[in-house]
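These protein sequence lines map, in sequence, to chains U and S. This note's numbering applies: residue 27 is where the first sequence begins, and numbers increase by one. This note's numbering applies: residue 27 is where the second sequence begins, and numbers increase by one.
There could be a bad hint or two in this list.
[As the list claims (entries may be wrong)] To give an idea of the chain S side of the interface with chain U (calculated C-beta under 8 Å), a few residues:
#1 39
#2 173
#3 177
#4 200
#5 207
#6 210
#7 213
#8 217
#9 222
[Unchecked claim] Across the chosen pairs, the derived CB separations fall in these ranges:
#10 U:96 x S:46: 17 to 27 Å
#11 U:212 x S:160: 35 to 45 Å
#12 U:80 x S:244: 19 to 29 Å
#13 U:102 x S:151: 51 to 61 Å
#14 U:197 x S:113: 24 to 34 Å
#15 S:88 x U:213: 36 to 46 Å
#16 U:160 x S:88: 57 to 67 Å
#17 U:45 x S:77: 28 to 38 Å
#18 S:70 x U:160: 28 to 38 Å
#19 S:244 x U:256: 32 to 42 Å
#20 S:138 x U:138: 29 to 39 Å
#21 U:217 x S:242: 25 to 35 Å
Derived by calculation from the structure, the hints in this document are not laboratory data. Just so it is clear, CB atoms sit at the ideal spot from N, CA and C, and this is done for glycine as well.
2 protein chains.
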Amino acid sequence: MPSIDVCFSPELLHLYDLKGKAVVAVDILRATSTMVTAFAHGATDIIPVMKLEECQAYAEKGCLIAAERDGIKAEGFDLGNSPFAYMDGNVKGRTIAITTTNGTRAIHLSMEADEIIVGAFLNLQAVVEHLKELQLDVLVVCAGWKGKFNLEDTLYAGALAERLQDDFAFENDATLASLHLYQTAKNDLVSFLRQSSHVRRLENLEIHKDIEFCLQHDTYDVLPVWKNDKLVDLAVKELKS
Amino acid sequence: MPSIDVCFSPELLHLYDLKGKAVVAVDILRATSTMVTAFAHGATDIIPVMKLEECQAYAEKGCLIAAERDGIKAEGFDLGNSPFAYMDGNVKGRTIAITTTNGTRAIHLSMEADEIIVGAFLNLQAVVEHLKELQLDVLVVCAGWKGKFNLEDTLYAGALAERLQDDFAFENDATLASLHLYQTAKNDLVSFLRQSSHVRRLENLEIHKDIEFCLQHDTYDVLPVWKNDKLVDLAVKELKS
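Based on the provided sequences and hints, a complete structural model is requested.
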């Protein structure tokens, strides 16, 4: 039986051996939720990059460029980090270069893994089914908040663990903590997260609607995975093949 | 109102500014529980050191020497890491040099703090009262397990947060998670922790009695703090002064 483990911060990733594993990278508020939304609305590829300038350079190659810094859209970019900005047909058939504070970093630090999957509550079941097929050991890599532990990514890890618990082994403390926290919170994730400083910070930016959206489960049948230096939607590829 | 925050691993300590703060270093299984027990049974000072050889050298200075590696007493030392080994009058009036896998490291990495306090369930209320008097911002530094998150230290952080919640501010996610986990677990900490791999590993070493003992609350009125390059029991000093 394969196993599932959770890494609460990119700052702890050096303690884990990623070889032979499937990584699920998660940044619920809002990088990975937004990527999933973009694929659901027809984006063909997403290129996550670390730096604003690097991201900006992709505009010349015909890409849409997206950037968020400290919770708001960076100046001079087509898109920010709100999933609602990706829904009006503007991303259909396009490649998006995106840079975000925490989420991009989690993906880039996970390159040693056999497979990197982008996870969000929005595509929870799609990831669950893919992991059951893969039969690799799983490590959920939480983007965290500037290197520190955050609740929303942990709750996602707990949701994934709950759905995988009959098929994946876990005795490690991070997965147990994630599962218990999710089971405490799941009846009302929005209220539970309202205690958190990061969520309060985001609510001050008037993105309460974003938060409620990003906590919805199983909205999209989308499976972003890392292939040839970018993210593609494996659910679409599988339909086409 | 001062604040309380929780750092889940020494590997994350570089993300926190310790200046002006009180650190509560915790390694429930078993370094800090054992230190608290040693003071309760009359030890005068405890010198935590990183390396076995360094620790061994203290024998020549008339110290008792204590060492644990991978859960068992290291060869050639007077004492291991079981609190029960410190109870038969053998530590009364003695200085103990001790090295342990995770706990010593948490203390040594916290030297920037204004005050370092050794916390365990065994002396929970003594630490609570001291922190209320100090009125400094508090950071609980969990020793973790080889750099990774562990449940027992997190539950201690949650117990401390529960008792301090009327007097200390916390909005950060690590403290919220610790508090929720403690409130889920507190009616039966032993059973809750039995799911954890670290506790299973320790139970294989037949130290179930140690685990039950280390989870007892408020057994000792002991307050180990860092003064002049060693730990002393501030509760005793205060009685004497």
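Checked hints:
1. 39: violated, 10 Å
2. 173: holds, 5 Å
3. 177: Given a least distance of 4 Å, the restraint on residue 177 of chain S holds.
4. 200: It holds, given that the least Cβ distance between residue 200 of chain S and chain U is near 5 Å, below 8 Å.
5. 207: This hint holds: residue 207 of chain S lies near chain U, its Cβ roughly 6 Å from the closest one there, short of 8 Å.
6. 210: holds, 5 Å
7. 213: Result: violated, 13 Å to nearest chain U Cβ.
8. 217: violated, 13 Å
9. 222: Since the shortest Cβ distance to chain U is 5 Å, the answer is holds.
10. U:96 x S:46: 17 to 27 Å: Cβ of residue 96 of chain U to Cβ of residue 46 of chain S: about 25 Å, so the range 17 to 27 Å holds.
11. U:212 x S:160: 35 to 45 Å: For residue 160 of chain S against residue 212 of chain U, whose Cβ atoms are near 38 Å apart, the range 35 to 45 Å holds.
12. U:80 x S:244: 19 to 29 Å: violated, 55 Å
13. U:102 x S:151: 51 to 61 Å: holds, 56 Å
14. U:197 x S:113: 24 to 34 Å: holds, 31 Å
15. S:88 x U:213: 36 to 46 Å: Check failed, 60 Å falls outside 36 to 46 Å.
16. U:160 x S:88: 57 to 67 Å: holds, 60 Å
17. U:45 x S:77: 28 to 38 Å: holds, 31 Å
18. S:70 x U:160: 28 to 38 Å: violated, 58 Å
19. S:244 x U:256: 32 to 42 Å: Violated, at about 56 Å.
20. S:138 x U:138: 29 to 39 Å: 33 Å Cβ-Cβ, so the 29 to 39 Å window holds.
21. U:217 x S:242: 25 to 35 Å: Check passed, 34 Å falls within 25 to 35 Å.
In terms of the numbered hints stated before, the structure departs from hints 1, 7, 8, 12, 15, 18, 19, listed from lowest to highest.
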